[in-house]
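Mind docking chain B on chain A? Use the hints.
Protein sequence lines correspond, in order, to chains A and B. Position 201 of the first sequence, counting from 1, maps to 201 under my numbering, and the rest follow consecutively. One rule links them: number in my numbering = place in the second sequence (from 1) + 1000.
Fair warning: there could be bad hints in the mix.
Ranges of calculated distance between the beta carbons of each label pair, as one might list FRET restraints [as the list claims (entries may be wrong)]: (1) B:ASP1018 with A:ALA126: 55 to 65 Å; (2) B:ASP1002 with A:GLU282: 48 to 58 Å; (3) A:TRP31 with B:VAL1019: 15 to 25 Å; (4) B:PRO1054 with A:ALA126: 29 to 39 Å; (5) A:ALA248 with B:VAL1077: 20 to 30 Å; (6) B:PRO1054 with A:SER85: 29 to 39 Å; (7) A:ARG73 with B:GLU1029: 51 to 61 Å; (8) B:VAL1019 with A:ALA248: 18 to 28 Å; (9) B:GLN1013 with A:ARG73: 52 to 62 Å; (10) B:GLU1009 with A:ASP46: 48 to 58 Å.
It is worth saying that the hints were derived from the structure and are not from the lab. Predicted, not measured: the structure shown is a model, and the values here were computed from it. No residue lacks a Cβ here, since even glycine has one placed at the ideal position from N, Cα and C.
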Amino acid sequence: MAFIREFGCWLPERVVTSAQAGAWVDADAEWVRGISGIEERRFAKDEETVADLASRAGLDCLTRAGVEAAALRLVMVASGSGERSFPGPAAETALKLGIPGTPVLDLPMASAGSLFALGLAARLAAAVGPILVIGAEKMSSVVLREPRDRGVAVLFGDGAGAALVMPDSGLLELIDVELASDGSYAADLCLEPGKPLSMNGRSVILQASRKVPAAIRAVLGRHAIAPPEVAAFLMHQANQNLILKIAAALGVPAGRFYSNIARYGNTSSASLLIAAAEWRRENLPTPGSAVIFAAFGAGFHWGALLARAC
Amino acid sequence: MDRRSKLIEILRQVTQKDVTPSEDESLFESGTLDSFALPDLISALEQAFGISIPDSDMNPRKFETLARIDEYLDSRV
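Looking at chain B on its own, in the form it has when it is part of the complex:
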């Protein structure tokens, strides 16, 4: 499974929504992610990709779209 598909699967598990967001769609503005699901998404990313995301990297904008999440993971994985 490629990383994008894996990201979408994680997003679906966290949100319990059958979503397929486009690359640059805001996950906040679309209602896919709310403030309380965002910490769960980050925990799921840490688990799925075997990384520890420091508090200093927890800027919501870094996780606003699939493209930005990809970009962040590129810097970490």
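Bound-form chain A, shown alone:
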């Protein structure tokens, strides 16, 4: 379909420990770690916007790829925490990258947004040319809303990740994608204007623990690949306990699932590409090896994408 040339990311400097976040909801750091695996998260400055975070991750990606922003033919920004209902952050992101006039696309999707954007870009790149896919979230503006829910306030952090999708060559070839959505669960994870995030954690975990392994098996099955044959699983960093559960369901050692949630918390739609960017810096995948991207989030939307190292 297309190729990922490079990844990039940007994280705010301010560290909020789980002891600090736990104190908001009368919990200690050990409790936060136990329910999520999160040690700390990053919070952006009050004046920083989702487009600020997005453009910095995008620039990091372009710099690493050695590609000028002017070469882009489309910019996609996935975010569930944009400051406005409309316009979304994509147009401002392109402006901050110095390419006003380039078409952009907002995907107002939390958690699974960057996976869906990658899936779309994989199919569009051959037709339109280089596409910059970004997931960016300022979840601190959401979790600090009152009343703070114990099971929500401690989970999230801010950040942005990016991937440059090219039609001709790259680090990873995008092979196949399995995406799905089901609005039956819209109320189980939602954010209404000005209100705190509402989450039915039991429903989210229950559905994610079934649907994500099923999506991964579906996309791998079409290419006769068994889960243990996959070199790396790059997941939306929702919760370490969920990642471990998905690894167990697939019969894959947990170490095959890249995880940085301990350092950044759940950065919603940004987390998949932040994880991919850090994984890329630490690993040189063997040519031909299979890599899976997977996510689950509000909607519910979920899916998996199969790539092969070039």
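Structure of chain B alone, referenced to chain A:
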């Protein structure tokens, strides 16, 4: 072994807790089941009763008490 005893045994295996919940006791509120043990309970029920529970039936409320689990199994077994 009757179904209720079998359910309690499954619950103990899944949670690794020596619990004997009453019929209408919330397994969530009592702390017997957390979000991450619930999928394991459902997998164990599928295995023990030879059924496949579709995603559309995976409403946590259906598995909140022993009585509700019984009611669900009545509809499926």
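**OP:** Hints the structure violates: just list their numbers, smallest first.
**Re:** Checked against the structure, no hint fails, so every one of them is satisfied.
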